[in-house]
Amino acid sequence: MRASLFFYPTHFALQSIVRNRRKHMCKPPLSRHRLFWTGLALVFLPLLGVRIAGRPAHTYLEFPPLTQYVSHAPFSWPVFSLIAGLALITLGLLGAGALRGAGRELDTGCRWGRLPRWGVAGIAFLTLAWVIAWTRLPSLAAVQCHTFVPLWLSYIVVVSALTHARKGTCLLTRNTLRYAALFPASAVLWWYFEYLNRFVQNWHYVNVSDFTRTEYGVFATLSFSTVLPAVVSTVEFLRTFSPLEYGFCTRRGWSPRHPRLLGLFAIVVGGAVLATMGAHPDPFFAVLWLGPLLIWWGGRVVAEQDTILPSLAKGDWRPLALPALAALLCGFVWELWNLGSLARWEYSVPYVQRFHLFAMPVLGYIGYLPFGMECMVVADEVMQAGRKSSEPRPAVSWNTVVILGLSALAALAAVAMVPRAWCTSQAAKLWNDDSHRQHQLAEGVHEWAGDPALGDALRTGSSLFDGEWLFGTHMTTAMGLAQVIECHPELSDALVPRLATAFSGMRRQDTRAFDAKVWNADPLETLDDPDRHHAAYLGYFNLALGLGLRAASEGDSDLPQAAHWDALHDAISAALERRIEAHDCPLLDTYPGEMYPVDNCAVIGSLAIHARLRGLDRTSLLENWEREFRRTCIDPATGLMWQALDPEHRNPADRPRGSGTTLGLYLVAPAFPDLSRDLFQAVKRELTDRWLGFALVREYARGVSGRGDIDSGPLVFGYSVSATGFSLAGARLCGDRRLFTALGATAWLAGAPRVTETTFHWTTGGPIGDAILFAMSTAPRAGERPADNPVSTAGKHRHSGENRP
Amino acid sequence: MNRRRILAVVKGDIIALMVVLLLHSCLREWVFQSRIAVSLLAPSGGMATVHAALAAWFVALRFVLFVIAPPYAAFRIVSALVAVHGGEVKPDFTLL
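Chains as they are written, first to last, in our numbering: chain G, 907 to 1711; chain A, 30 to 125.
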């Protein structure tokens, strides 16, 4: 018998309060009408306020939310002192309640018991999530923006386990279904506060700008879904301690004489402050936490539904105190974990932006007190929903709705996390220049390029395209091999002979037959003819030769027939230079009467590399070419490359397109890195879309429709297979790791890779797809060849090897 | 007992997933071993149409495996778990 006689009446009063609350709940806790009208007021009153103030409402509805409209008032000592005083009084009352409880000898009967096994697992998971959140290990970079959910799920499990250890039960195990319903309710609740924050802009998120709208929506929803369960679990945990369970039960109650009038007053005040908040964000910044609470609580009182008033009348202040304390405790942990997280929030609060505890001004923590009460009001609605209702049973039961909602949340989490984690981890290997993976890719493409019967496997339905693909397979194989040899000189013994095979493949009579047939002249036997340009065959061949010879010269292995390939590179370069100089325009024809800017990118890239290898000065030619290219080949509206030009007047003969631009920026990079970057930015801006960790590139700018062809590959919803694959190189050249991994994830998903110990094939790519993706995914990353611009540094780094990563 | 009930719910899904995985692997190996130059880049006409159809089939399968299956599995497993463990409504809902 530990309880004193003095406190027995209060203790029994508590039991009767609970009984009375249940007994008198004759109306459903949340009627449809109240939900509708309250929701309407909560959403539209802030918007109404900004409209009355003459501000455009649409700026407050942008998604993802931006925090750029409000510039806050500076720090103010008077306001700080006033709020600090109120905070001290509130905390004093809470502290006094806890102390009063400690002085009483009542006991909740809760004792520390054995922690359940799932609680131990929760602690282990929490530790792991915390380590991941606060460290910047490169291998975990992909998940470091997403640590909020695992951290807070662990917190919920651990606090529930602690409650279970003390009490023998907890909401999580006792009412799993109802408890689970708190997750979707929590997401709605915090999205609402995010909406209100647009009007006062007291916090904003950092390191989330790379998320697309969909990603932002999905990840934010998942994060927000943990808030309410965390607070509710903490309340239940605090109740296992006698000082907190009994400290706020007093003999001094409070009972309003006219509760419905008070409720009406709360609605009017809450509505007024919400409506004023948007127009005057500085003086009303704190009402973000009070306004919704007043409206919701007032609505319950006016509708004569269950509220805390009967509890307060009997002197039970726990419904106010415990949620406030729980939210304050959660707030401390929120701010603590936020401090070292990669994706985090920062505060910008008027008048009180000083004396930070973690990222938050210390007075900001006061906001957690009303927020805790708000959480409890919503949690109570959810936990009581569908219970004790006199309304007819709905066709779909509450249980079904909760199960479906929770399962949908799990599905959302899975679709946001699993495909991304699965596919981007593979793409990360390519970004990191994984030696083994690059060797596998090289051996895979060599299986095609080294096969004399390769031509028979290419059946496009057109002999010209079959020839182009045969040549393209050898050409991109050579480019990829050159890039891998430069990146991994230790592989040169194995790969340099493969390079020679690819060169031979490009030079073979049957490979160049497609070009000879169209021009009616063999491209290599008519190098002295200035009128037959052969821009495609000679440009690409020369570029692959230049890259290969550069790589071989920097490696330790001798290239078979090196002198022959050197002489051929010199001869083709000289021929191309002569043709450019003999022509009234620096752009050459691909086929008679056909001019493609992308093929000219290969021509100029090859001449730039040749100049560097031989120490030649082609500054004048290159500058002239760039000027003409920017003038005639780039669409000023989009910044993308025209796909084709009319050779006579150099007018656009096709639209600006993704496949040409993405390949062109890769080919032109050795000559003009700045031009390459400009094109890449245009591709990102005009053509690239991202979705849950995957990226796709359009063939035509947004709003422009068009058909696919041999250049673009098939278009799926306007996205081009070729442009998406070519963009891998642009992302590497410009150091855009995030886009590269997203594009790589798409390639992994659609490419159906077949990986063995020694080879790697993209099953849906075939020979040409294999070879293109090999070259694009091994392009030099930004910074690996910083002085690649031959205009300023011709021949400077020859044989030095200083640019290797 | 609960484990058996959950397994009974998701058994059909697991079998379907295994079948899709098997189909995917077999077709990929057959295409690769028979040296058919399947390509998404194939334009049109003749064998190219067949190749493009095969490639599209691959992509659809992989989309099912990588993008559809994980959320579907999560949906099924969570609904089974919640239905088994939390389906019975117990009387104590009072938070305070």
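Hints are computed from structural coordinates only; laboratory data are not their basis. Where a beta carbon is used, it is the ideal one built from N, C-alpha and C, also for glycine. Any given hint could be a false lead.
As the list claims (entries may be wrong) - Taking beta-carbon pairs under 10 Å as the criterion, some of the chain G residues facing chain A (in silico):
#1 Ala1320
#2 Pro1325
#3 Phe1600
#4 Val1622
#5 Phe1623
#6 Thr1669
Q) Which numbered hints turn out to be false for this structure? A) Of the numbered hints given earlier, the structure breaks just one, which is hint 5.
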